[in-house]
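Build the complex: two chains, separate frames, hints provided.
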Amino acid sequence: MAFLSTLFSQIINGLQSGSIYALVALGYSMVYGIIMLLNFAHGDIIMVGAYVVWLSMTSFGLHPLFSILLAVAVSTLLGVVIEKVAYAPLRSSPRLSLLITAIGISFLLENGFQLIFGAGAKVVPTLISGPTFQIGGASISTPALVTLGVTVVIMIGLTLLVQKTRLGRAMRAVSEDMGAAQLMGVNINTTISFTFALGSALAAVASALYLSSYAQASPTMGSMLGLKAFVAAVLGGIGSLPGAMLGGLVIGLAEALVSAAGLSVWKDGVVFAILIVVLLVRPSGLLGKPMKEKV
Amino acid sequence: MNRTRENTIPMPVRYLINTVLISLLVFGSTAFVNGGGVSGYITKVLMVIGINIILAVSLNVATGYLGQLPLGHAGFMAVGAYTGGIFLKAVNADQATGISYALMVIAALLLSGLLAAVFGVIIGIPALRLRGDYLAIITLGFGEIIRVVLTNIDEVLGFKLTYGASGLKRIPKITSYFNVLVCVVLTCLVIHMVMKSRHGRAILAIRENEIAAESCGVRTTYYKVMAFTLSAFFAGVAGCLYAGYLGSLQPTTFGFMKSIEILVMVVLGGMGSMFGSVLSAITLTALPEALRAFEDYRMVAYSLVLVLVMIFKPTGLMGQYDFSMSRILERFVGFTRRFGKKEG
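Just so you know, the sequences run in chain order A and B. Counting in this note's numbering, the final residue of the first sequence is number 295, and the numbers go up one at a time with none missing. Counting in this note's numbering, the final residue of the second sequence is number 344, and the numbers go up one at a time with none missing.
Pulled out of the complex, with its shape left as it was, chain B reads as follows (with noise of 0.2 Å):
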């Protein structure tokens, strides 16, 4: 509302303010953490909404930001996990040390991302041609395929390489509270950037009229495809920190209601905010371990909240609204120069 150019801050102050803020997140959390802070149940929990944060927040680029309804998220994670898991295996990370481990945990982490990106873009090109609900019902369907082949590709081509239902079993146990803060911060940064340039305003404006855009010149294919794959990518990242994480994978966990547990985070955020997406899979996430006293009625409250919520505010809690730490300074600044004025 009140920013004239006298109350607001320099880019480069900018960058560095939240440079300073993040890495004083990252680092002081991960010495509270790992200095004992907090207990071992603790940090486990934590693990697990920073990998639903990495979730939601990438679903959040296909329908919040691209306005489709992907219902196969849960098929890119899978993807992305087992690719980890077996590429872990493989190269033995636990027994690694030092440069070597970070390397091949770093590897690791690409290596699902970019596959679950090439299944993004195997998928996005067929998919992308449909709209509304007939996408939704396309990658539903993709999304349970994966999760059959997962299941019976060694039965039929002789490999040993999924495990088929019984499950992919000791993973090297690569994922730590850092390195599940460094790749929210990395995921929400680079989906931020994206969003925040030209192709980023290309996806928000097939959103807002698909047809309007084609004609002004937006190549709407292209930036369909790049959005779902981006997409993909971090959720396979997520996928591979969820196989690190646990140590052992089985693909009935991957199912459609894996999809739609993500989905409902992000509608329930609010469809286009990161910081709502980031905020209800922090709750999402905290609530039922907060209510394992009512283990019997944790999930009927639950389900509850979703209905109530949405009937209550459709749009999710925040809407679009994003967080900004800039804006909240230029308002203090702002403030506290007509306050100084007054004075004088």
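Just chain A, with the same shape it has in the complex (with noise of 0.2 Å):
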């Protein structure tokens, strides 16, 4: 029994670490779809996100939640502003210079905010507090649980916004064949900007979650939790969003199973030696849809 409530503890920290893997995931997934880019800035924004809401907490003394709205601001405006300064130039350049650029642009983010505000983590006031729960011997916090709601209401949300609207059927076009979309009257521009906006305020939520936690904020925070998303958004298929998500989900849950174990040091060669695994079996991820060489 006490066996059981620990491994369904760990499965709810997995599902909470999955969720947030997850959100994050969907930025890479979305970016990569449209612009072929691995948009390695994509980490540090959500450390962006994560000082805004520490710098509005503690020096102006926001109420949680409007901090947490500032911060989905910010990171939105700031993904914008990256794509625009750094990425729109270099749309028609080899795509490694792209990459290089997007390193580039990450170094910067994290290099900069550790001059301003040095290199040792802030500690962020409480943004979600609550009871525990105890469910028979296994307890569920509430960050956990708000963590596993929001990031429910926020996926069933972002598929209807891909899948209805029009700004959504753009972005499939676009993604399917980004010349053909701008010969049917789609403007490319927005498009891609929307993208980034989409994907960056999603990441300032995850940014959230994560400090609601965590607690911790650190100029290079983002480095390994992008680094894991981004394996969650290739392992479930990249460019696909039901992809993402269960990619976030499996990365979560794989490393809250080895941690029970007992095998918590091995934690991230497990990841990525499910990651090897999924692309020689499968090469487009678990949801991805096979390409086709032509020609």
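Because the hints were derived from the structure by calculation, they are not lab data. Note that the structure is predicted; figures quoted are calculated from it, not measured. Misleading hints may appear alongside valid ones.
[Unchecked claim] Which stretches of chain B does chain A cover? Using the computed rule of at least three CB atoms under 8 Å from a CB of chain A, they are:
| hint | segment |
| --- | --- |
| 1 | 142 to 148 |
| 2 | 260 to 266 |
| 3 | 301 to 312 |
The C-beta atom is built at its ideal place from N, Cα and C for all residues, glycine as well.
Spelled out as structure tokens, the structure:
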């Protein structure tokens, strides 16, 4: 019984971190689907969001809800600005240059924030407080419940947005074939900007959810989180939204179960091993569409 | 442009000129450095520059010439560094002298390179089935796994081999300015020769168009794995030099960021240009050192330079240009001849 309740708690933990990975993975996946760029700066948007929450709560004494909204606004703006300044001029150049630019932006954000705020971690005040629920010996904290709830709501909202609205249709069209979409009168620039805005907003939400259970912001927090989320996106099939959600949950659960087995130092290794196995068996990811090569 | 037959220098003469110039460079600068021409600090920076040149030039084989994007180069470097480190410790290289010392150093370098090359084959065969970004991701995964394994292998198997997270310490410091320089020259030479051969042309053909190359009878898988292994071999050699330079190793050094650092050198210099890789390895190692006075701002400046270069010169600083001494001499010869004709 004790074993079962530990397992259950670990599964809840896994789902919680998995939902955060999933939210971040969506940003990677959407951007990759639309301009074929591995946006390495995406992880650092999470970090920027976390710093906005920290700054607005400690220095300006904002209510947690408003500081989260502010973080979402700042991150969204930042995502769009990065796209306009750094990625848009390179749209017709080799893809590797674009990738290096993304890496450069990621370095710039990390080092810039380190310069301004110092390298140490900042403790963020409690964002979500509430009782811890006991279910048959296993405990579920309020932040975990909120994380799961918010993620489910966002996933449903995003699916509706992409499937039912005009902008969502434009996004799908551009990711299918950019040239053809342009000929059909889709405004490419607006669509790409919108995708970046959406991805960055999701990253900021993920950042707030992350802070609600880990409560620390540091300049490099985004890199490993971003890398794992990116693995999640690839695992699920990059460019596919349900795939990103599934990938995030798989990674989160795998990490939690490895930790539950007492092997937490091998956590990162297991995540990447799963990735390699999946890529070798199904190179397009769990839910991705196989790509055909044409001459 | 003006390469008429009378203006070309015959091959043996070219080899002679290059050999003379390179040996002048190696022995002259070693004598200068060892004779106390520069401070100990500068010598150290020069050694790091040399190691970085080997890393950048070797990654350039996989990225610039083969046209793939591996993100796990630091993994191969780690394999080489740990192999070299463990070997040098085991044979007590610091107590040897003369010929046996030289043999130990050469053995350590070769062994590191070979083991890294074996890993290159093991990782290359599955990874190269995938294309483009997937290859990048899978090599990233392998690189991270190598790091995690190096951190934890001692605990699991009960060895005293890598000493886990606390690091491998007291490695004999075998790296000197001279042997780094010799390794740099040999790396550039071997890679240059491979690339000028039939194998090199096959590798370039795969970069230009894989399907076309395959239909012309190029064994794509074979050549891809070959280029990948070549790249891994020299990364291993660089790793061994790094171990012998630093004297202690930690698994965290060889993370994802190290791979990115090397990739940045290659792309900034211009993919497919060995000269570009060398030049940017020198610049990107020397620049942060020169900016040490502005400690806080240097990483910000570094990343800004990176983004700006990519926006304004997306093919890298050198593009695909490669330096050739003979070409310069030929220009010179052609110029003087034409000049002579006008006079006469």
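Here's how the hints hold up against the structure:
| no. | hint | verdict |
| --- | --- | --- |
| 1 | 142 to 148 | holds (count 4) |
| 2 | 260 to 266 | holds (count 3) |
| 3 | 301 to 312 | holds (count 7) |
In this structure, none of the earlier numbered hints is contradicted; all agree with it.
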